[in-house]
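Hey, can you work out the whole structure from these sequences and the hints?
Single-letter residue listing:
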Amino acid sequence: MAKLATDLELDSALTLSQAAIGCDFQIRQVEGPACSQLRDIGFCEQMRVKKLTNGRNMLCTVCGTRLALSKDLADQIQVVPA
Amino acid sequence: MVGNPNAGKTTLFNALTGQNQKVGNYTGATVSRKSGTFFTPHGHKFELIDLPGAYSLDPNSPDEEITRNVLIGDQEDEETPNLILCVLDATHLERHLYLLIQVIDLGYPIVVALNKTDSAESQGLRLDPTALSERFGVPFVAISAMTERGITQLKQALRHPFPSPPGRLWKGPAELEEAIKKSTKLAETNRENNPAASGLMAVVKDNPEAKEFIQKARFEYIHRAVEVGLQRPNEELLALTDRIDAQTLHPIKGWCIFTALMITVFWSIFKFAEMPMGLIEEGQETLQGWVRDFIGEGDFQSLIVDGIIAGVGGVLVFLPQIILLFFFISLLESTGYMARAAYLMDGVMNKVGLSGKSFLPLLSGYACAIPGIMATRTIPNNKERLATILILPWTSCTARLPVYTLIIPLIFVGALQQGLALFGIYALGTITALLAAKILKPRLGETEPSQFLLELPPYQNPQWRHVLRQVSERAFAFIKKAGTVILGLSIILWFLETYPKSDSDDPIVQQSESFNGQIGEIIEPVVAPLGWDTRMGTAMIASFAAREVFRSSIAISYATDEEDGKELRDKLSASTHSDGTALYTPLVGLSVIVFFIYALQCLPTTVIVRRETGSWKWALSQLAGMTIFAYLAALLVYQTGKLLGYS
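Which chain is which? The protein sequence lines are A and B, in order. Residue 1 is where the first sequence starts when you use my numbering, and the numbers rise one by one after that. Residue 1 is where the second sequence starts when you use my numbering, and the numbers rise one by one after that.
Where hints are given, some of them may not hold.
Using 25 Å as the maximum straight-line C-alpha spacing, the simulated SDA-like pairs for lysine to any residue come out as follows [stated by the list, open to error]:
| no. | chain 1 | residue 1 | chain 2 | residue 2 |
| --- | --- | --- | --- | --- |
| 1 | B | Lys-383 | A | Cys-35 |
| 2 | B | Lys-171 | A | Arg-28 |
| 3 | B | Lys-216 | A | Glu-31 |
| 4 | B | Lys-216 | A | Asn-54 |
| 5 | A | Lys-50 | B | Gln-123 |
| 6 | B | Lys-351 | A | Leu-67 |
| 7 | B | Lys-216 | A | Gln-29 |
| 8 | A | Lys-50 | B | Pro-458 |
| 9 | B | Lys-171 | A | Arg-48 |
| 10 | B | Lys-216 | A | Thr-65 |
| 11 | B | Lys-351 | A | Thr-53 |
| 12 | B | Lys-211 | A | Val-80 |
Quick caveat, the hints were computed from the structure, so don't treat them as lab data. The structure displayed is predicted, hence computed values, not measured ones.
Written out as structure tokens, the structure is:
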């Protein structure tokens with residue numbers, strides 16, 4: 001049962017660059033060459049994130065902080081709907 | 001001592017233990033073990049162990065594993081701690097509280113050092129350590145390890161008896177609680193060092209459902225606690241930020257606002273500086289008059305009046321404009337707009353192979369190239385950093401302002417036209433710098449794509465104290481430079497202008513026979529194709545020490561002319577070639593300006609480039625390349641202008 005839940009959650013995960021604007025997400029996993037940098041600035045597993053704009057550089061809020069990040073970096077953040 | 005990486009643990013460790021530190025290795029691991037001792041105000045001696053930074057007690061690296069093992073009493077040759085000092089970054093409180101809540105679950109007495117509270121306050125976050133203490137059941141002490149604020153209070157909080165462990169802050173369903181109880185009992189039977197911790201971890205280890213439940217329960221608790229213990233910049237402020245950002249970050253409107261702001265800044269620099277500049281000029285003339293009355297005519301009077309007062313005063317007169325430029329830069333930074341400008345510029349920067357990260361160093365370059373070059377340290381990509389350093393001196397620094405503002409009024413009339421001309425000069429330097437980056441970057445070798453990550457602070461009222469401090473620091477640095485480097489160079493230039501003495505009474509003959517005149521004769525064939533005369537040639541040579549010296553040199557060389565009492569600009573307008581044609585024509589003015597936009601005439605910049613790139617090769621190539629480019633550009637402007645029939 002637990003495995004099924006985890007699998008379902010993983011299936012529903014999408015990258016932050018794929019996520020829809022204006023919706024709240026929870027960070028499931030941060031993985032990639034810049035993951036440490038992303039965590040340092042607040043993109044940490046389990047944190048809530050809201051995407052504000054799309055584009056080559058996108059805007060989002062994490063814990064009340066507005067951050068701009070490139071698509072390459074947003075691709076390294078896996079989120080699930082909160 | 002535990003905390004997330006970058007929570008400021010090491011700074012706090014140093015602040016608490018000072019020199020009493022020991023560095024070793026954990027048994028069987030290459031992870032270093034740092035410990036130190038300190039005394040509390042009550043005279044108790046503590047040994048403090050700086051555990052490796054960890055995001056959670058669910059380890060992802062050998063460092064994090066050591067932290068986990070020490071905390072559950074499973075690390076070889078390491079005693080179980082008596083007290084945990086948990087360091088949290090107040091600017092990322094919500095994220096850092098996750099580690100605290102995990103540590104609380106382990107059943108230790110805990111004191112929390114709420115670090116970076118000064119940064120949090122400046123970000124508009126309002127922390128309530130008392131409310132947080134009540135919610136988590138452990139004392140929170142607000143500190144700033146960097147400025148050592150609150151260190152004494154923290155030491156007082158680390159006193160005997162230790163605060164009692166608050167116990168778990170979340171409750172699981174009966175089934176889970178039963179499992180934890182059983183597992184803890186088993187750990188007790190096995191004589192584990194910390195049965196509560198080992199018991200909980202054993203349950204979580206083999207039960208992903210339980211793990212997920214616990215994670216969620218912890219975060220829910222954190223969210224509730226943060227609601228009372230941390231006030232973010234209020235919703236109104238955030239809504240206001242949203243509304244302003246909708247305009248300032250808009251692909252079209254954003255650029256219009258950016259351009260309008262920049263033009264306003266440059267127009268203001270001319271407009272608002274007029275009156276104080278006039279006052280300084282009047283003061284300078286009055287002072288020269290007094291000195292003439294007090295000191296009899298001769299070389300000493302000439303040194304003071306024509307050398308020192310004309311040279312130093314000629315540069316000091318630009319203090320109001322420099323103050324205004326720094327005031328606007330600080331103001332834009334303080335309100336939060338500067339980060340938006342970097343965001344907007346990222347698209348442009350990317351087209352030339354740089355990122356928005358290069359924008360802030362380049363922008364600092366408008367004030368002074370040296371802090372700009374040092375600010376490139378924040379650019380993670382080495383090639384991008386090198387390219388930024390190499391093009392940075394083409395963003396016009398304030399040292400060029402005295403030259404621009406001397407020449408622009410010879411070409412343009414009216415504050416608006418002059419402001420637009422100055423904006424054009426800055427734009428030309430910037431555009432050339434960006435084009436140079438586009439050409440340079442691929443030639444610097446293969447590189448990873450640039451990644452842009454930037455925090456956009458909420459808009460806020462300017463922190464006037466910070467703005468005023470920055471402006472006054474820069475103003476004093478400028479005055480200091482005028483009183484030291486410019487003063488010294490003014491005396492040397494006066495000497496070169498005055499000696500050797502000529503038998504003739506004609507100031508023009510005197511000047512041509514002086515050292516400066518002789519140097520000018522040598523340099524004339526080089527500068528004549530640019531439309532310059534010998535005085536401009538010598539001033540240009542002198543300005544390689546510091547750009548402002550161009551103006552001092554011109555001021556000194558014209559100070560001995562017959563039209564005493566006239567402003568330097570009027571003297572320049574009236575000056576002619578030997579055949580009677582005007583010397584400072586608009587075309588010559590343009591040629592001078594173009595040369596100064598591109599020439600790297602600043603020895604300290606070359607020294608800093610050498611330090612930051614670690615090679616004279618880059619520093620000297622930059623100096624030679626920019627000088628040759630400046631000469632060719634000025635030559636092109638003057639000769640093309642002449643061909644088109646302009647004078």
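* Of the hints stated earlier, which fail here? -> 4
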